[in-house]
Amino acid sequence: MIRRLFKLPFRTRRSIAREADAELRFHMDARTEKLIAGGMDSTAARAQAEREFGDIDDARRYITAVDREAETNRRRRDFVGDLVQDVTYAVRKLRAAPTFAIAAILTLAVGIGANTTVFNLVNAVLIKPPAVTDAHRMGWIVPASRTSNSGAWTMPDFVTFREQSQSWAHLSAFGNVSFTMNGTDPKRLTGLVVNGSYFDVVGVRPALGRLFRAYEDSANVPVLSVVIGYAFWQRQFNGDSAVVGREIELNSHRVRIVGVAPAGFNGVRLGDGIDVWMPFPAFTRVGVGRSGLYAAHSSRWLRVIGRLGPDATLESAQAEASVLQARLEPRITTPADRRTLEVGAVRGGLDPGSRGQMAPVLSLMMLVPLLVLGVACANVANLYVSRSVQRQKELALRRALGASNGRLVRQLLTETTILGLAAGVAGVAISYLLTAVIGSVAALPEDVLAVVRPDATVFALTLLLAIVAGVLFGLLPALAATRSAITPALKNDGSAAGGGKGRHRLRNAFVVSQVAFSLALLITAGLFVGSLRKALGVEPGYDPRNTIAAAYDNGGQGYSPERLLAFDAQLLSVVREQPGVEAAAVAEILPLSGSSSSTVIRREDQPTDGPGFATLANRVTPGYFETMRIPIVQGRAFTEADNASSARVIVVNERLAEALWPGQSPIGRRARSPWDSTMVEVVGVARNGKYRSLDEERQEGAFWASSRQFPMGTHGELIVRARGGTAEAVSAARAALKAVDPTLPISKLQTLEAYIAETVSGQRAGAALLAVFGGIALLLAALGIFGVIAQGVAARTREIGIRMSLGARASDVVRGFVREGLVLTGIGAVIGVLLSLTASKLLASLLFGLKATDVLTFAGASAAIVLVAAVASFVPARRAAKVDPLVALRSD
Amino acid sequence: MPAESTSLLQGTVDVLVLRALAWQTMHGYAVSEWVKGRTEGAIVIEDAPLYKALHRLERDGAIAAEWGLSENNRRARYYSLTPVGRRLLRAEELSWRRYAAAMALALEAP
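For the record, the sequence lines run as chains L and A. Each residue of the first sequence is one higher than the last, beginning at 0 in numbering that gives the first Met the number 0. Each residue of the second sequence is one higher than the last, beginning at 0 in numbering that gives the first Met the number 0.
Same shape as in the complex, but just chain A:
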């Protein structure tokens, strides 16, 4: 599994995190659950790179963090997308779709 996770591009984690937070404000664990649910186990991502990405994106101003209370009343760090993050997500999504389309085209070619 470590082999798989390191093979994942850093950008992949970033765009997944941004996508998760575009849906709603959530804490790190929820982001982890969301990624697991959405990729349906096809991509296995460890939690460590996820948290690294969260803090990196916070530093770069793409997401903002604030302490809040979780569903079962525990202190958790909530992340939300900033306007900068929203723009970043749009750009990343676009390049991913282009990349995926290009790959598909290449693989379908006889």
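One chain only, chain L, in its complex shape:
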């Protein structure tokens, strides 16, 4: 007990030996003296004493060894005891100040929760490998060119590459497709067409049955086999283990389920959410609409992954690929289109091309919650400084009673670490909440959500973050506390309790950095919101109101070729009879729907193998421009008279007209159709529009052909405009599709306005995230300013009293405090603006129609923060004005 309070200094090896010597010497001296006193002479007395003692060297060795052991035990006991004592004490202290504890924990938890959430997303998208075996032995092989980052392969190229490459033990090409599962309740399934070695590349084991075998790569297999996804198995078959061997009907072809992929395996890309894997030969029979793609030289629709051979590395595979690339597609002649093969690691849920696009956005997203955490930490540090001022007396007392500096710092660190850990736990909870919210806002599919949920890595990181934050904001006040002198605090001198100049400066620095961080966040948020508004304000080139689009694919219905050809005309005639329908048309591709088809068009006088003009192409039924309300600025739109027996015609947009026939009227001019190189005549010019995204930087060329002359594939978008609104259009579309073929599934049905909103959903999510984080940061900064001013008022009550009794007016006192708050804010704001300016380069590429240094946004955000700061300092300052001089003077 005594040792606890007044801790004995540690005994070293040397002091133990010294003490043993002293003790034994004392004994020998005392005994010798006693014998001398009894009448012996000194030499005999000494000898007698030594004889009585026995082996003194052995005893010395023994007792020093025992003492050292005891000392080790004592230290161990003290450490544990101190820790227990520290923790108990800290918990008691925190419970005694619940407001402080809750404020600190929540503030930190918000910062940590924000970080965990975003780190989860980044982890899932960029870092965490997909659910495959030994992802580090796998690689993407991606053809990249300057004009395209699609990274897609043609089948012949893949076959050539596979034959010549030595580096890979297994190579697989795959393509995303979709199927109709026929039955009483027809469904669209997402599928992946793969070659037989696909499952060897990813190295997974089936949950049930078997995966594909090499022979399934050869044509003419007797049975068409498929592997189904685990989630689909659960959903459709309720996890029935008798599913293996069962037959289902895809696109009106019977296929046999041979196995179930393991749980959690959804391919190597995030969000693919695959229901069915199918080998290529089977697909040539089942995938009616796109089967031609399989062999076509020009179709780039495949991705390629591989598993490295035993001696190969990603580097050696890259070297080999660089050599092999020259042997692929010798027909491509334009240098701009020449591709280089790039080998990339399998990491995160993206292929290397998308990864390159997403990485800058995600790094920015990573930065934002770190800023929030910075603001939160500054706030908690501030809370701690205020608190250490209040605890000055307690700390001084404990030191006066003998607690060492190290011991006090340890005590404070224990407190902050406990706070940090509590905040870490709360932060994980907040992160779960935020992930769920973001998931529902951004409509993430289930398989993505599963990946995005926090895992062990993220949890470890959160705890680390929590402890680092705890130590960081706890250390400064702790150090400040040990530096302060004992006596002034014990005397309860007001000036000392208010904290020295250093303490004040520290707290001001926290507030300044808070303001700077929050302003930087607000400016960024403002820029994103502004950019979003600009994007949404963009004229898409058509009128999306009261109009819907229903997507279908009739390739799986087993129609005869004649019925396929006549399908859209039949569908439109039914739709147009529905009540309320103003106009309707079918298009192969819907603008701003996420899909597009780009090709190269050449004028009549340009050689077919020479350079042409890159353009978007679409095939539409007559009535398309009227339904979409795309103005025809010259010539005419398609009519029913443009049919298979009449001259083939196209409509071009203004941009394409200007590119092909600059300064001339394009009407009556001729060009080569990119589909079959036959001549087509321009009959109309349509107003320019947005086709791929609202914020596309340059105007793209586009042309339309009539589906009566160039039949579209099996995928169609039924576009319906109704007089009475979208609900009317929806029911009309449903009724018509049902009337034409009740077994035809609708894969997507939504308003054109929703499609437009979807194109900016990324920006919207980003802007929302930034706005929320900016708001949190602003609130935290306001609390910080409030705290500092309130603390100042409390510490200077006596001074205020004196000034007021000497005749100072209340308004002067208030003004003084508000000015103090505003000066701090001003300094922070300047730093924040500078911070934002340095970040503007990073931001510029993510903004649309807005400079990263937009003056209005900067001014607006700064004004907002100054206003908030003024309020935050005025509220506590007003309290100063209410000070009663008499009471203030008496206060200690």
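Quick caveat, the hints were computed from the structure, so don't treat them as lab data. Take these hints with a grain of salt, some might be off.
[Stated by the list, open to error] To be clear about the criterion: a stretch of chain L counts as covered by chain A if any three or more of its residues have a C-beta under 8 Å from a C-beta of chain A, and this derived list gives those stretches: (1) 24-35; (2) 68-75.
[To be verified] Taking lysine-lysine and the BS3-like style, the derived pairs with C-alpha atoms no more than 25 Å apart in a straight line are: (3) L/LYS186 with L/LYS737; (4) A/LYS35 with L/LYS33; (5) L/LYS689 with L/LYS533; (6) L/LYS33 with A/LYS51.
From the three backbone atoms N, C-alpha and C, an ideal C-beta is built for every residue, glycine too.
Fit chain A to the known structure of chain L by using the hints.
What follows is chain A alone, placed relative to chain L:
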């Protein structure tokens, strides 16, 4: 004499030391004197095992040590009994008395 001292059980020294300190706080030399006086030379104990016992008992928490000044103003290491030591002494005393009684009974038997 060494033969006699090694024949003494370690426990004997321990219980004597504890008994000495139960009387009052004292330094090692005083413990030695006390044992010599109380056993009246019947048992001769060397000082080396005495000191070993003191430090062993200190390590085990039965006694506590502190430096102090002796009667003639010299620095000496004083030992005192802790609550643990007091309990230990009671237990040892009891088992010694039982042992002694049992031995006496055995030897008196015809």
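- Any of the earlier hints contradicted here, and which numbers? Violated: none.
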